[in-house]
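Undergrad: Protein chains in written order, with the working numbering: chain A, 6 to 400; chain B, 1493 to 1675.
Calculated cross-link-like contacts (lysine-lysine; reagent style DSS-like; alpha-carbon spacing at most 30 Å):
{"id": "1", "chain 1": "A", "residue 1": "Lys120", "chain 2": "A", "residue 2": "Lys226"}
{"id": "2", "chain 1": "B", "residue 1": "Lys1554", "chain 2": "A", "residue 2": "Lys66"}
{"id": "3", "chain 1": "A", "residue 1": "Lys232", "chain 2": "A", "residue 2": "Lys120"}
{"id": "4", "chain 1": "B", "residue 1": "Lys1522", "chain 2": "A", "residue 2": "Lys66"}
{"id": "5", "chain 1": "B", "residue 1": "Lys1522", "chain 2": "A", "residue 2": "Lys265"}
{"id": "6", "chain 1": "A", "residue 1": "Lys244", "chain 2": "A", "residue 2": "Lys232"}
{"id": "7", "chain 1": "A", "residue 1": "Lys120", "chain 2": "A", "residue 2": "Lys32"}
{"id": "8", "chain 1": "B", "residue 1": "Lys1535", "chain 2": "A", "residue 2": "Lys66"}
Since the hints were made in silico from the structure, they are not lab data.
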Amino acid sequence: MLGKLANYIEERTHISQIFQEQMVDYKVPKNLTFPYAFGVLAIIAFTVQIISGMILLMYYKPYDTLAFDSAALFIWRVIPYGWLFRSIHAAGANFFLAVVYLHMFTGIYYNAYKKPRELVWVMGFIIYFLLLLTALTGYVLPWGQLSYWATEVTVEIPGAIPGVIGETISLLMRGGYTLGNLALGRFFALHVLILPLILLGVVSIHLFLVRAAGISNPDGKPYDKKKEGVPFHPYVTLKEGAIAMFYLALFFFFVFFYMKEFLPATNWEPANPLQTPAEIAPEWYLKGYYAIFRSIPNKFIGFVTFNLVLALILLLPWLDFSPIRSARRRPLFFIMYIVFIFAGAGLTIIGTLPATPQVAKVGLFFTALLFSFFIALPIISFIELGYVKAKGGEQ
Amino acid sequence: MEASRRDFMQYVVGAFGAVAAVGAAYPILKSLGPSAAAALQSKVDYDVSQLKPMDVRVTSWKGFPVFVMMLPTPFNWNGPERNNKYKNHNRDILGNHNVYAIIGKCTHLGCIPLWKPDGDPGVHLPNTPIFHCPCHGSLYTPWGDNISGPAPLPLGVPPQALNGNTLEIGTPGFVKKFWNPYV
Chain A
6 MLGKLANYIE
16 ERTHISQIFQ
26 EQMVDYKVPK
36 NLTFPYAFGV
46 LAIIAFTVQI
56 ISGMILLMYY
66 KPYDTLAFDS
76 AALFIWRVIP
86 YGWLFRSIHA
96 AGANFFLAVV
106 YLHMFTGIYY
116 NAYKKPRELV
126 WVMGFIIYFL
136 LLLTALTGYV
146 LPWGQLSYWA
156 TEVTVEIPGA
166 IPGVIGETIS
176 LLMRGGYTLG
186 NLALGRFFAL
196 HVLILPLILL
206 GVVSIHLFLV
216 RAAGISNPDG
226 KPYDKKKEGV
236 PFHPYVTLKE
246 GAIAMFYLAL
256 FFFFVFFYMK
266 EFLPATNWEP
276 ANPLQTPAEI
286 APEWYLKGYY
296 AIFRSIPNKF
306 IGFVTFNLVL
316 ALILLLPWLD
326 FSPIRSARRR
336 PLFFIMYIVF
346 IFAGAGLTII
356 GTLPATPQVA
366 KVGLFFTALL
376 FSFFIALPII
386 SFIELGYVKA
396 KGGEQ
Chain B
1493 MEASRRDFMQ
1503 YVVGAFGAVA
1513 AVGAAYPILK
1523 SLGPSAAAAL
1533 QSKVDYDVSQ
1543 LKPMDVRVTS
1553 WKGFPVFVMM
1563 LPTPFNWNGP
1573 ERNNKYKNHN
1583 RDILGNHNVY
1593 AIIGKCTHLG
1603 CIPLWKPDGD
1613 PGVHLPNTPI
1623 FHCPCHGSLY
1633 TPWGDNISGP
1643 APLPLGVPPQ
1653 ALNGNTLEIG
1663 TPGFVKKFWN
1673 PYV
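Excised from the complex, chain B in its bound form:
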């Protein structure tokens, strides 16, 4: 009998110990995870009512710089294209939306491209709106498709939805999945 009583004690203490260990591990792991403030970053609402055609505004989503832009309607892109697997990749994702967000981080080495709405004579593209990465000269279309330079992939496109005058970045809408070329 003595032994079985001790066994009982052993199980009870062991069980309480296991519960205590789990109880301790839970908040410790939780405290290392993203905070509520960081979680807020995963959904960014941007008011686009003040945006004018050819405007680019910069905001931030999940730590990425994000370009919120408005193209005039109709808009005809007359620049060059690059014939590869990713030809018109972002343009297809974004469809015919003229207000959208793309991630402003060059897929080459992570610099933030400059918006040149009147083109850049220095790169022989006058009168063609482009993004020009100042680090190594990559060029992107207004939708973020890479057309020249060392950049291997188009710019990232966050999931987004347009709700009235609010562009909800991070909410699946007309772009459902995050096109993430930075992994």
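Next up, chain A with everything else stripped away, as it sits in the complex:
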């Protein structure tokens, strides 16, 4: 009976042929390393967010007097397993961004953004940016003290732009002079429908482009697909399937035992627009940018600087025009890559420290270190271009 049904579907869709073409005949380098799995983990994290989000959406109320109770009381206490889905969604956001960061660092390490994969990188950057917006808009929804004030600070940031422009942007984001129902409604719509819908589209384009350009390989050398390639299924699906199981195990370990990190006590108090809690800092995935913004004494220059970092990440394929790919074969690039990671980690840690003048100085130092990576890229590329030419164009 099942076989007959399968045949019926097969005859009309040729689904096994599609599977054969897309999964088995699709060859990937056989020397793919562990970090290549972060792409699949990101898809899994996205799926987890969508499923848990759909369940939360059934019970959440985007209205200032109802939002906190619907999240903290109704979802958390009344709905069976509501606490689980809210925990999954809150921790999942952090895990999703962590996986995306690791995915980006992998791409930078193996120079996966170079020709012909520039558009893959650009689409990936757009996903990253939309993801940050989704995280920000979702952050306000529980309407706790931390949600409220972290968002209040965020919408104040464009105010760093001098003149009417900054204030106008802030006003538009809030829909008024205070963060209230208007903003909550807008952020809700953005978070549950508009941004995820765009994300789904952009992720599809990203995946299509990966297939179109072919996957990069850790050695950065062109490879013979017939000789050195292995079928995507079962080689990669199995390996990444196993990694996915480990990822989910780690994820649920945090969901069940360390939720305090993701739902801090401050957020179990309803939002009070007349009282700021003692400590307000953005989530860890924004702390790097936050540290840059805070370390620079002039607010406007700080605003421009952290946006410049975002722009430079987007422009990586053109900053790094060296014909040699992968940090494995580029010692100078490898050193600067370590500097980049070090500066990024340093800034993230500084973002957690209280804002004193000394901390600001250290922050400036790490900002300079971060920029040294972007400045070094064209120089390294120029040196390597000369090296390749001297060797007669051979990589």
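On the provided structure of chain A, position chain B as indicated by the hints.
TA: Chain B alone, transformed into the frame defined by chain A:
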């Protein structure tokens, strides 16, 4: 050998995947089921110590409006009866209990009947306690048996038990099974 090792991987990953799928499906389905608060609704305890004869109090059980009533003892019903399959249906279910609960939802179109302990001259039944449905004029005896009007069946009777002064609605007692005419 290579193939069998891969087979092993395939089974292990597949098995973990199946466990993960079941683990995900369980809380999702559970979250869609009735909550603990909704489950509380399925058993309602009502204190009847303050009830006087001919009183009707309204409470709620599983979302139904419920009439908790007390009849005087002895009580003689002098109203008309309808000779059909359901003649004295509820009266037989409730036996000789003078404190009981019936569901206050007309079996015709779901309106909530009014309690008229002194009868209703408008429907030519003075001095006869009745339930009168205001929507289309169905009449019921104090036990909820339909005697007139478009109502096809007697009112519902929830399972109930009397424990001292507490009428436990939803607990099988002197009425064991839910007489549910609303399905």
